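**Student:** First to last, the protein sequences are chains A and B. So the first sequence is numbered by the numbering used here: it starts at 1 and just counts up by one. So the second sequence is numbered by the numbering used here: it starts at 1001 and just counts up by one.
Simulated from the structure, these hints should not be mistaken for laboratory data. Please note that the accuracy of each hint is not assured.
[As the list claims (entries may be wrong)] For lysine-lysine, the following DSS-like pairs were computed, each having C-alpha atoms within a straight-line distance of at most 30 Å: (1) A:Lys-172 / A:Lys-48; (2) A:Lys-48 / A:Lys-358; (3) B:Lys-1073 / A:Lys-134; (4) A:Lys-358 / A:Lys-172; (5) A:Lys-9 / B:Lys-1438; (6) A:Lys-461 / B:Lys-1073; (7) A:Lys-488 / B:Lys-1377.
[To be verified] To be clear about the criterion: a stretch of chain B counts as covered by chain A if any three or more of its residues have a C-beta under 8 Å from a C-beta of chain A, and this derived list gives those stretches: (8) 1044-1053; (9) 1107-1117; (10) 1306-1313; (11) 1565-1572.
In this text the structure is predicted, and so the values were computed from the model without any measurement. C-beta atoms are modelled at their ideal positions from N, C-alpha and C, and glycine is treated no differently.
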Amino acid sequence: MRQHDTAAKHVGIWELQENGNASHIFVRSSAYREEWRHWADVDCIPAKGARKRFVWLGESAARGYFFDPLCTPARMLESLCNAVLTEQQVEVIDLARVDLNLNELIPLLASISLLEPDGLIFFAGNNWDNVELKPEHFSALAMALREGGYPRLQEVFQRDILLPACAAALQKLAEVAAQLSIPVILLVPEFNLLEWRNEPAMQVPYLRGEGNMRWYNAREQAEAALVAGAYVDAVEIATEMVRCDKETSSVSFSLLATALLKMGRIGEARTMFERARDASCGLLLSHSPRCPTAVQELLRRDAAAHGYALVDLPRLFEQHLSGELPDRRLFFDYCHMTLEGLTVTIAAVANQLFSLLKQKSHPLQSLLTMVDSRLTPEDEARAHFLAAIHNAHYGQPDGVLAYHCQRSLALSPACSTDMLCYLDFQVRSSPHWLCESYTQMCSSLAVRRYLSANDGRRTDKLADFSLYQAIIAALAHNDIEAREAFVKLLQAEYLDGAQTVGQDLLAYRHRARTFRERTGYSLGQGRAYVQAYEKRSLFYLVVATPSALSCQLTCRLPGKRGDRAGSALHGQLEVLVNGRSVVTLDIAEEWQTYTFSLPEAALREGENRLELLWPWPAFSGDAALEQDAGRLERGSFPKVLPVFGEIHVFTAC
Amino acid sequence: MSLNIIGISAHFHDSACCLLQDGKLVAAAQEERFSRIKHDASLPCSAFHYCLREGNLTIADLDCIAYYEDPRKKLERQLWMCLPERSAKRPEALSRLDAGRPEREIREMLGFEGQIEFVEHHQAHAASSYYFSGFPEAATFTVDGVGEWATTSYGVAQGSDLRLFEEVHFPHSLGLLYSSITAYLGFDVNDAEYKVMGLAPYGEPRYVEQLWQLLELRENGQFQLNMRYFDFLSEEGMYSEELCRLLGREPRQPESSLSQFAKDVARSLQVVLEEVLLAKVRYLHSRVPVDYLCMAGGVALNCVANGRIRREGPFRHLFVQPAASDAGGALGAATLAHVHLSGERPAQEPLRHVLLGPAFSSAEVVRLFAASSAPLKDFREREDELIEATVQRLAAGKVVGWFQGRMEFGPRALGARSILADPRDEGMRDRINALVKKREAFRPFAPAVLQSRAAEHFALSHPSPFMLETCQVASPLHLPAITHVDGSARVQTVDGESNARFAKLLSAFEQQTQCPILLNTSFNLRGEPIVCTPIDALLCFIRSDLDCLVIEDFLLDRDDLPIAWLDWFRHTSPQGSRLSRTVYTLL
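Put together the whole structure using the sequences plus the hints.
**Tutor:** Okay, structure coming up:
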């Protein structure tokens, strides 16, 4: 929250309206105009009346992301409570905020007394990994990195930084609850264990010695074993990967969990998926929100210590799914819940609330049928489409994108209009808010919130080609032909003006499939060139009528001579178009500019996949770790991930 | 084979990048224009990319990157300031004690593998002025807050040679003196010094005697600040309690109303500054008795003082580098590297314009608006009609956002990214301050005038293309919107050679109104960098109360803005500065 008049009494974006009497009415302040979209879409928090007032606190999962503001968990809860309770009515004040972090949570908690609540419902923890580091933290992390590489850094981060910060927030919660003598219902967040994967580029941090090469080799073998159905071998190799990376890679745990699951060892698989979720935390990388095991356990311990009512979503969902792993049935993405997920959650919270109000509790199943979201099928369809967009921008597999697009149309064929709008404004180079198609799609308040015109992060034009395919296929399945118009627009937008200067393949819309592929995964400052974190770099090239194209590529191998373990100062870079190898270049550690042509026969009308296949990186893990430790000592963020290649210019003309 | 040199200023405030190809300045831009963070100090990655693109170069084509400071000398000064106790008190400051940062970041963030030249900060300032002055020889005078140790320098230049022969060292600094009073008056340092300059004419010089106690003029080029009144060694503030006692008042709270006292202090400060500068310029002339003076450094942006130096100083010709503050250090670094590598003087011709930033074609504007419902008026191939339509609106009292060609380098909007209005309108200044730019009411606006008509309206005998000095308004017209309270104006003269379309607009405005002058202010909102792209301009248009936007060959009236755009962006503000607002970060 930006600085504002601290003398004014405010709760979130709502300021106390001085009306001369004792009743406290809070009005949404225009001073916080730019933050409105993160909070409940209500103009006013009324003065407290006869109803029991519960304050609902949390992050985007608690906002009902993708449904908000059409439907919110807070409203669902209030509606359910008042439908069930006969003698006592309840009001739920919605103070959940998208992107709420620990720094913002504490002052928000401190302000809650102004609302005179009778209880608090606390549903946070997914954003806590994003702790703001202090200077002394950087020194401690540098020391840890030198001592034991990223495994040790992760351990120190969790023990000395993350958990104390979480404990401080929970201490504040306890203080507020004690001061107001009010009960607390605390929710433990859960994660889409089965299906959520980190972005493909987030493989493994720098490892000591030659660890990275061993790990890359093992990964190829483990994936091959999985494909071949050799699950025992896959378990063995993935276990070796975990040993090699010392539990710092989600990929290793995911492979292990997948193999275990294939073998029917679901309990072990669950544990490994949980560790896959946790492995990214504390690596000082930008990753999707999540609540790691250590924080979940802290929440449970804290609830027990303070006598809070607990809604343990991992346990609840396990029960709900009869022991199966949480997946798309409950989650749209990593932590944002589907209507089913929200329904189960709200029913469980309501039961705890009834208990606090000394009302009789109800069987969960009976409450599930009473939860009323007031969502239309079209609203739910739209949420699935927004989820498809969100999943695409976090690098999720094509199958997930296809599922959400198809589900969207199955729920409401009218959602095809939104999809066509998206194809229109996302392909264009203009900001989406400049496009009529965006304005049309914004007739839905949920769309307007998620794709807010003010949110530059959401509105950059990315290389959404996987999503485009998913949309076009889903539309085709519903007898709507969209491809022809799409290709026409693609050609107009990507080729207009490109005849002379060429297509800049480093522009986001040619290469960045995810938010983070724009500027990299490090939390530090960006660079003036693109770094490849995978062996294969993918670019999308648009062609009108296939004919030979000339490419200019200025690239190099990463690192300096002194950083390399061996003498591999050169390597071969293979260029593929639509899977066909067209040229192999000898590249070196110095920038060099290469010009090569793409043959007409390899190209096709519309989008073309242009891939650079880098040589395996040759670097000394120890030297890279020392450099990262140096960065931390200087108060900067480390690189963390090995780089395969670097590109300064890549054009096709 | 060309000699391609990139110049960089960064890591303090106003980072910038320029490209010198065979001694010719091809491109220059401040990072803030791309990042949209006002005074952005980070290494200018985006500006660097732009410069390469403009020069049609890849990084492999570069011969050298020149950096505008000597980081080791700067570290000496920083250590002197902070050891032994402050390093322990402010652990976050330790990371700033990093002489390796410029080279490391140039290698890591830009990816540059070749030769890096480090030049001294005031050398860079002096070079940035002299080599672009077109003068055959010159005395150089640079004044700013601080670089490494120097805060003021005196030099002599001839042909390709440039030598500084005297410096004043930190903490004795006219820039920091001015910033300290700026902070005392409740304005942001390193940003709002020009507001204090603009406030000065509203006051009387009642505190000159007190302010003279802040410093002592010494022999030659030297002066000393009386450090009991300053506190910039502490990083807690710029001035001490002693200053408050001396002036008899508590400091003004930011955003509070401006008292006559504040205005009088501003005026007194301006008087003292001008006297000091004039004294030192006279000294410089005694050491370098030539006709030409070149100035740079942040204090050289004080256009009121510049006017007095030109009128009352001993030099016949004055050139002030238009991006005189740290951004311009990039130019100086690049030129010094050019001299070092080639042995020749760069940029033989005087700098005629600073239109050195990115441009956007009409085709790009068309593509941008293609899918919108905004009824953009299209004047392609009909420039006269575009000019006429714009003039009609200006003459009718409309305020116009004017976006044309390449973006200016430096702090002034000079007809490429400008807000324009009729200077004869009595209420125009208040309207633009309040509704368009959303800034303080006292802030004056500058005029742009046809070069050929300048002498008829201003006491100005020479071209002033960069808006770097003030003169008295001497016009038969009543020009309330651009005439400051003391009858002065900060004039930009415009000729058809350096900015043809802007000159045509002024001509057409004169034909219709008999006034060859337009109010010209930068195209941005308070706290926002000047717009760079058509999108920046459009967003500024939507957020402000501008009546009309002219982008290249297109015109859009406010009444034609789609309601949805207003709904989304009205009452939202651009991203603000991330820099310290109360103190210089001298470490």
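**Student:** When you check the alpha-carbon spacing of A:Lys-172 and A:Lys-48, does it fall within 30 Å?
**Tutor:** holds, 23 Å
**Student:** Are the Cα positions of B:Lys-1073 and A:Lys-134 separated by 30 Å at most?
**Tutor:** Within the cut-off at roughly 28 Å; holds.
**Student:** Against the 30 Å threshold, does the CA-CA distance of A:Lys-461 and B:Lys-1073 hold or violate the hint?
**Tutor:** Measuring from Cα to Cα gives roughly 44 Å; hence the hint is violated.
**Student:** How does the segment 1565-1572 of chain B fare against chain A when you require at least three residues with a CB closer than 8 Å, holds or violated?
**Tutor:** holds (count 5)
**Student:** Starting from A:Lys-488, check that the Cα of B:Lys-1377 is at most 30 Å away, please.
**Tutor:** The given pair, whose Cα atoms are some 26 Å apart, holds under the 30 Å limit.
**Student:** Is it true that the CA of A:Lys-9 sits at most 30 Å from the CA of B:Lys-1438?
**Tutor:** Roughly 26 Å between the alpha carbons, so the hint for A:Lys-9 and B:Lys-1438 holds.
**Student:** Would the hint linking A:Lys-358 and A:Lys-172 be met if the CA-CA limit is 30 Å?
**Tutor:** holds, 26 Å
**Student:** Hint check: A:Lys-48 vs A:Lys-358, CA-CA at most 30 Å. Holds or violated?
**Tutor:** Within the cut-off at roughly 21 Å; holds.
**Student:** Holds or violated: the segment 1107-1117 of chain B covered by chain A, criterion of 3 or more residues with Cβ-Cβ distance under 8 Å?
**Tutor:** holds (count 5)
**Student:** At a Cβ distance under 8 Å, does chain A reach at least three residues of the segment 1044-1053 of chain B?
**Tutor:** holds (count 4)
**Student:** Given as covered by chain A, does the segment 1306-1313 of chain B meet the bar of three residues or more with CB within less than 8 Å?
**Tutor:** violated (count 0)
Violation of the numbered hints given earlier is confined to hints 6, 10; the remaining hints are satisfied by the structure.
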